[in-house]
Amino acid sequence: MSIIPTIGMETHVELKTNSKMFCRCHVLDTESPNESLCPTCLGLPGSLPVPNKKAIEFITLLALSTNCSITNDGMFHRKNYFYPDLPKNYQISQFDLPVGIEGSLEIVVDGEFGTVEIERVHMEEDTGKSTHIGSGRIDSATSTHLDFNRAGIPLVEVVTKPLIKSSKEAVAYIEELRQLVIDLDISEGKLEKGNLRFDANISVAHEGDKELGTKVEIKNMNSLKSLEKAIEYEISRQTKMLIDKENIIQETRHWDEKKEVTSSMRSKEGSADYRYFSDPDIPNMILSNDFVNEVKKTIPELPSQKRKMFIETGLSIEDANNLGKNTKWIGDLYKSITEITGDSKSSFNWVTGELQGQLRKLEITHLPNWVTAKNLSEIIFLVKEDKISFTSGKEILANLIEQEIVPEQFAIENNLIQENNIEEISKIVEEVIEKNSEVLERIANGEEKLIGFLVGQIIKISNGQVNASVAKELLLKEISS
Amino acid sequence: MANYKLPISQINQLFKNKELKPSELYAETFERAAITESIIHGHLELFQEENLKKALNSDKRYEKGKNLGNLDGIPIAIKDNINISGYATTCSSKMLSNYISPYDATVITRLKNEGALFTGKTNLDEFAMGSSTENSAFGPTKNPWDTSRVPGGSSGGSAAVVSAGSAIASLGSDTGGSIRQPASFCGVVGFKPTYGTVSRFGLVAFASSLDQIGPITNHVEDARLIFNSMKGHDPSDATSLIESKAKQPKLKNAKIGIIKELMEDGISEDAKKEVHKVAKLLEAEGHEIVEVSLPLTKMSISIYYLIAPAECSANLSRFDGVRYGNRVSGSTSSEMMELTRANGFGPEVKKRILLGTYALSAGYYDAYYGQALKARSMMKKEFTDVYEDVDYLISPTTPSDPFKFGEKSDNQLEMYMSDLCTIPANLVGMPAISIPTGLSSQGLPLSVQIMSPSNTDNTLLDFSESLESLVAFSDKPVINGVVS
Amino acid sequence: MADKIDIKNVAKLASIKLNQEEEDRLESDLSMIIEHFDALSKMDLPDDKISIHPLGMSLNLAEDIASKSLTHKEALSNAPESKDGQFVVPPSLD
Chain A
14 MSIIPTIGME THVELKTNSK MFCRCHVLDT ESPNESLCPT CLGLPGSLPV
64 PNKKAIEFIT LLALSTNCSI TNDGMFHRKN YFYPDLPKNY QISQFDLPVG
114 IEGSLEIVVD GEFGTVEIER VHMEEDTGKS THIGSGRIDS ATSTHLDFNR
164 AGIPLVEVVT KPLIKSSKEA VAYIEELRQL VIDLDISEGK LEKGNLRFDA
214 NISVAHEGDK ELGTKVEIKN MNSLKSLEKA IEYEISRQTK MLIDKENIIQ
264 ETRHWDEKKE VTSSMRSKEG SADYRYFSDP DIPNMILSND FVNEVKKTIP
314 ELPSQKRKMF IETGLSIEDA NNLGKNTKWI GDLYKSITEI TGDSKSSFNW
364 VTGELQGQLR KLEITHLPNW VTAKNLSEII FLVKEDKISF TSGKEILANL
414 IEQEIVPEQF AIENNLIQEN NIEEISKIVE EVIEKNSEVL ERIANGEEKL
464 IGFLVGQIIK ISNGQVNASV AKELLLKEIS S
Chain B
704 MANYKLPISQ INQLFKNKEL KPSELYAETF ERAAITESII HGHLELFQEE
754 NLKKALNSDK RYEKGKNLGN LDGIPIAIKD NINISGYATT CSSKMLSNYI
804 SPYDATVITR LKNEGALFTG KTNLDEFAMG SSTENSAFGP TKNPWDTSRV
854 PGGSSGGSAA VVSAGSAIAS LGSDTGGSIR QPASFCGVVG FKPTYGTVSR
904 FGLVAFASSL DQIGPITNHV EDARLIFNSM KGHDPSDATS LIESKAKQPK
954 LKNAKIGIIK ELMEDGISED AKKEVHKVAK LLEAEGHEIV EVSLPLTKMS
1004 ISIYYLIAPA ECSANLSRFD GVRYGNRVSG STSSEMMELT RANGFGPEVK
1054 KRILLGTYAL SAGYYDAYYG QALKARSMMK KEFTDVYEDV DYLISPTTPS
1104 DPFKFGEKSD NQLEMYMSDL CTIPANLVGM PAISIPTGLS SQGLPLSVQI
1154 MSPSNTDNTL LDFSESLESL VAFSDKPVIN GVVS
Chain C
362 MADKIDIKNV AKLASIKLNQ EEEDRLESDL SMIIEHFDAL SKMDLPDDKI
412 SIHPLGMSLN LAEDIASKSL THKEALSNAP ESKDGQFVVP PSLD
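Residue numbers (our numbering), protein chains in the order written: chain A, 14 to 494; chain B, 704 to 1187; chain C, 362 to 455.
Bear in mind the hints are in silico, worked out from the structure with no lab data behind them.
There may be inaccurate statements among the hints.
Pairs of lysine-lysine residues, derived as DSS-like cross-links and limited to a Cα-Cα distance of at most 27 Å, are as follows [what the hints assert, rightly or not]: (1) K378(C) / K1054(B); (2) K365(C) / K341(A); (3) K1077(B) / K365(C); (4) K1054(B) / K92(A); (5) K403(C) / K1084(B); (6) K203(A) / K369(C); (7) K373(C) / K228(A); (8) K815(B) / K429(C); (9) K1107(B) / K797(B); (10) K369(C) / K1054(B); (11) K1107(B) / K976(B); (12) K373(C) / K797(B); (13) K203(A) / K403(C); (14) K67(A) / K429(C); (15) K66(A) / K429(C); (16) K142(A) / K434(C); (17) K407(A) / K374(A); (18) K403(C) / K963(B); (19) K365(C) / K142(A); (20) K92(A) / K373(C); (21) K142(A) / K258(A); (22) K444(C) / K1054(B); (23) K309(A) / K271(A); (24) K1077(B) / K434(C); (25) K142(A) / K429(C); (26) K958(B) / K983(B); (27) K721(B) / K708(B); (28) K92(A) / K228(A); (29) K373(C) / K232(A).
So here's chain A without its partners, still in its complex pose (with noise of 0.2 Å):
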């Protein structure tokens, strides 16, 4: 009888708002301790918490990105918990009336599409960030170190249900969130920033079982990789602990990066008491349908209705969705460029393949301005057209990218041109052919290398100006005759 594990992700987006959640002060991303702070997010006494209603704006717009149903009527709770990095020892979030419910979020997996169901979206606030300090270990810490700049930034938590069936299906459903609050431009969606964190939530249970198994909270995975090597683990660890009928206890575990394991965190084991109550300090917040709506309005091109229209032009789901996630102005190229060309797989080759590739190799990351989709396209046309070898045409591409030029123009001061003329190719291989007999009978022989040799002889005589598949195709004629 198979095991099957149960994925739940849960992920804080950081919002780019200039403020911070409940109070004024800056958003800042500096080095420089404890330098953006207010009575509010410093947890002073006598201070007092105003929402940011951009943060609003955004987790709204996040929500009816994800198909969420709005929640008009609602609140904002206190989590109470201690820990030295919550200044207020209780953390503003949201309880049982979150902004969004109920949403779900098209994902690509291994080239196919699926579905991951949203349980909620709410909003909360960061906190401080501890440091600790000793021999390196973080159970022989001397001492922590603590910075609040980043206490209070406004956090949008999303939850999904858990329905996620395996490590892929947690990365591509990652990958989505993040390109979507890049695109709802609500987050830098940075993860080696923080932009984006997530915990995954880990259960197995015997196919059949109508209950989920214990669920395991695993934390402190800082990549996308170490989420797919940590869920992996996981489930390997809980599927051998079910078979060998150990018991699995409900706990929060830890993904050691250097060893690849995760481990048991020092503290309790089972769910906290987190004496949730609505916040007396914050009215309850009524989000209208006419604020709503205002909101829907200012929803842009979402991946998924990106991916769609690329699916559209003729790429696969697989290249369709990877397209999406690149850098927004690749994408745009290839649209352009298709549109011209009429043919996406050689936009699509083209673009992401050669363009990238060669920008990347060059260290720019930005392209030229006078690089445009019709002098590309004019490069595709070109060797579409056999007019240039595949090879000429990347010769034109870097050409282009240092300099503005004309493709076709470079092509013929640069006798890049291809002869197609079989008459005249034929000449130059009959040529070839009289002036190599020996290697003519060692390729008789059964020396088919040599072949290569003839070709490039070939080649030379034409100064490169011979379609090379068309001479090769001859020269095997006469060969073989």
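Based on these hints, arrange chains B and C on the given structure of chain A.
Just chains B and C now, with coordinates in the frame of chain A:
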């Protein structure tokens, strides 16, 4: 009458007429402090040095005829749970004995803009939890009328200093009666505004949905003046009201309801007599007196002692020794926090935090806190219905005259019962004022409380002012043989 | 209704270390108060929409305009211990 007992408007006139200078008035109140503080211990700190300079600046402004407002040059005492930048805000707690505030509460900013002087910070029950100021970590304040008795609480210091004359007026905070009850015990006026009319930004929170800052004064007109200088929307306080319209009660031929449930068991005969006395005076003026019943007021103590501790248990979580406060070290941060809080909080504070924590904890929420919220909603409705019929409500402010030190400290429920008459106004949010009306058989001050619907503050103050003249209570405490 | 109050657990949740005398006294005090709540806890009250606020006021959200408040020095001015501009506490595990 001594200058420091005159109404602020009259003092202001003296300033304008150059018959008195702000620096002279300040010297008078400071002299009163010199005489009375060692006896009553109302102030925790006096801002003498700063005030000498400020008073002189105020003098100059009046000389030029350019005073900032009606409060320019008026010395006001501030309860030590209200933040003043650059000064300690201790909340009368060991936890914050070394805490210097880096910001001003909004009410302080507004009073500063009017040119008011702050005599200093006054004593309170620790973190505003108590009804006698016996819970202060820095020693109790004594009632100027009888130093063997409590001044009331939690704003005991604020009430005592106004009564003793070392401040013209003071600010207190009121969560379940903490302005009105000490005002009553000290024979002065205490006003709790409609919830949301005065900003709470900078008031160290006890119970967020109940707390309000308000004035304690010698005269109702002073309370009105100070209230109007402080009130108004504050963008830093999400519970701060934007100007709100309400049907105003009548000033002439009004209908006044005596709350039946607050004239029954637990209320002293003296206190009941005051209400009847005042009722007769009002009737003679053409007002109608009726009896009204508000059954849920009997549940007030239970509702309050669930909501307030629950909110305070979270509000006081921030006191952990991490970013400020008197830290007690530990081997881990959680040990440090547990020891810091054990050492920094007094017994009453600990009790209320634990009570609140318990009421909110898993399994108990619905039966206790959840029930209290529902009952509170129902109580609001009860009052709204009654106000359809009457303009004002009247009751004693406190069940009795001021009690002796230690008299109620062993009986927690009896102590909590001191708030019986005052709690409803906080639960419902309506404005309430306490006015001294007479002396008990022991010669101690007694007061009567008037309440009106939410957002009728100035009308309530007007009505109370006319009641004040009718009552003409002019007794003053005698300290060291000197009448205050 | 009232079970015996697990005062140790409540104190842990509230992060206050109590000595034995305090535990005993508080358990007894709290039990007495809770008993007083019995009448309230038994009342049959309707499940209407509850506003925690006395006046059921509406929420005014703030515009997203940032401004500077405390200086770095002010922020650390009451710190019991600080180093390199950060607040210092004994090691926080978990």
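How the hints compare with the structure:
no.	hint	in the structure
1	K378(C) / K1054(B)	13 Å, holds
2	K365(C) / K341(A)	63 Å, violated
3	K1077(B) / K365(C)	25 Å, holds
4	K1054(B) / K92(A)	21 Å, holds
5	K403(C) / K1084(B)	20 Å, holds
6	K203(A) / K369(C)	43 Å, violated
7	K373(C) / K228(A)	25 Å, holds
8	K815(B) / K429(C)	22 Å, holds
9	K1107(B) / K797(B)	25 Å, holds
10	K369(C) / K1054(B)	13 Å, holds
11	K1107(B) / K976(B)	21 Å, holds
12	K373(C) / K797(B)	21 Å, holds
13	K203(A) / K403(C)	53 Å, violated
14	K67(A) / K429(C)	18 Å, holds
15	K66(A) / K429(C)	19 Å, holds
16	K142(A) / K434(C)	19 Å, holds
17	K407(A) / K374(A)	13 Å, holds
18	K403(C) / K963(B)	24 Å, holds
19	K365(C) / K142(A)	39 Å, violated
20	K92(A) / K373(C)	16 Å, holds
21	K142(A) / K258(A)	40 Å, violated
22	K444(C) / K1054(B)	35 Å, violated
23	K309(A) / K271(A)	44 Å, violated
24	K1077(B) / K434(C)	45 Å, violated
25	K142(A) / K429(C)	20 Å, holds
26	K958(B) / K983(B)	13 Å, holds
27	K721(B) / K708(B)	18 Å, holds
28	K92(A) / K228(A)	21 Å, holds
29	K373(C) / K232(A)	24 Å, holds
The structure fails hints 2, 6, 13, 19, 21, 22, 23 and 24 (numbered hints given earlier, in ascending order).
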